[in-house]
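Build the full structure now, drawing on both the sequences and the hints.
Mind the numbering: the sequence shown is residues 1 to 419 in the numbering used here, read in order.
Hints were generated in silico from the structure; no laboratory data involved.
Hints should not be assumed to be uniformly reliable.
Label-pair restraints from in silico Cβ distances [unchecked claim]:
#	residue 1	residue 2	range
1	V318	L383	18 to 28 angstroms
2	E358	Q72	44 to 54 angstroms
3	S140	G347	42 to 52 angstroms
4	S47	P291	16 to 26 angstroms
5	A68	G347	45 to 55 angstroms
6	R53	A303	12 to 22 angstroms
7	L110	W79	25 to 35 angstroms
8	L191	L406	42 to 52 angstroms
9	A384	L359	12 to 22 angstroms
Glycine included, C-beta positions come from ideal geometry on N, C-alpha and C.
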Amino acid sequence: MVAVGIIGSALVAVVGLAMSRADLVAIGLPLALASTWALLRRPTSASVSVALRARTADGETGAEVCGAVDVQAPADLDWIQLAVDQGGRRAGLVDVPPGRGVVTTSTRPLHSGPVELLAVTGRSISVDGAWASGVGERVSLDWRVPPRRHDVGRLPLAPRLLGLHGGHPGARSGEGGDFRDIRAFAPGDELRRIDWRATARAARRPGDLLVRRTDALSDSSVVVALDTVDDLGSSVAAWGSGDPERSGVTSLDLGREAALSIAATAIAAGDRVAYHALASGGQGLRSGSGPRHLARLSGAISATGTGADGTRYRRSPVVPVGSIVFVLSTFFDGIAAQLASRWRASGHAVVAVDTLPELDAVRLTPEQTVAMRTLLAERTEVLAELQHAGIEVVRWATDRDTGMRLAALRQQRARAGRR
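See the structure below:
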């Protein structure tokens, strides 16, 4: 602005002198004096502190997130101009007076998972706008939006219950379960387990005692494997655009929701849960149980986003023996289906959870409609092959509760048939 004032005053003075117009020279004189005054008052370098913070309104999951920008500026500046971005989009410009100021924001995230909640760039203004500094370094605040949690009701179990604690009838004798059998008293048996009625009816010799045995309660080993390569929204027209406002509910939104819901239901039943993101470099948590482990799982699932390197590679995590694996994917390219089939062939129980949302195919060209139908037909073949391999397929968007219950009932009938 100072350079513009000097050049403008010089041009006006030259034109006035050339045309012998004293009035033009008089007009340029105040501009020249103001520019000279601003030049003499050139500000020195100043340090401006910008800090970002945020909190969830009322502490509710998925609620509005309140952000704050704390600005500390020297008193010799006229004001600080901030450009505020929310959700990756420019939200507006804010002028902050010198000293200490706070700019408050409010954001309602559209999707779960890691997001850039708030970002700020700024510059300082001095001498009534005559001097403006360069744009400072961009400061951003990342936020992990937790997914919603649903009560699944009932989950299929691992093929072998090997744990010592839990809420499912195990394969060993112990305490807490259903009736197992009656056998002769042996050293080590507890006296309270003597069944006096059975002894009176079935004892072969005087002095023989019979004890009543029950099944032990055991836990199931659960592995949740989330495919993070694809993140497809319900709006097919927005696929590949990267626009979170147009995409609608995405497959990763449903995937994170399914992962947390399955983990919470399993831990509530006393089971051990492990979590793995299948993308290259994805997160993983070893098996654990209890409220603290559920909190760790919630944090890991909330931090899971799309694969950073953009490749289609999936890592194959180590699965404990005798586990049930929930594979959460859209099953478009078949790689996640291959991992599920491999785990099934290794003796694990596998449930394929389809995380593709209900699709909205409006605003598609005829060519795009044909391409979409081709992709969906290929995906249908992949899901059919999984079912033929003995893998239960559950569609999360429409029948998560019913599908899980039916899968558990079919598994229970299959076990009864093997016995």
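Hints versus structure:
no.: 1; hint: V318 / L383: 18 to 28 angstroms; verdict: 26 angstroms, holds
no.: 2; hint: E358 / Q72: 44 to 54 angstroms; verdict: 49 angstroms, holds
no.: 3; hint: S140 / G347: 42 to 52 angstroms; verdict: 47 angstroms, holds
no.: 4; hint: S47 / P291: 16 to 26 angstroms; verdict: 45 angstroms, violated
no.: 5; hint: A68 / G347: 45 to 55 angstroms; verdict: 53 angstroms, holds
no.: 6; hint: R53 / A303: 12 to 22 angstroms; verdict: 19 angstroms, holds
no.: 7; hint: L110 / W79: 25 to 35 angstroms; verdict: 33 angstroms, holds
no.: 8; hint: L191 / L406: 42 to 52 angstroms; verdict: 45 angstroms, holds
no.: 9; hint: A384 / L359: 12 to 22 angstroms; verdict: 19 angstroms, holds
Hint compliance for this structure: hint 4 is the single one not met.
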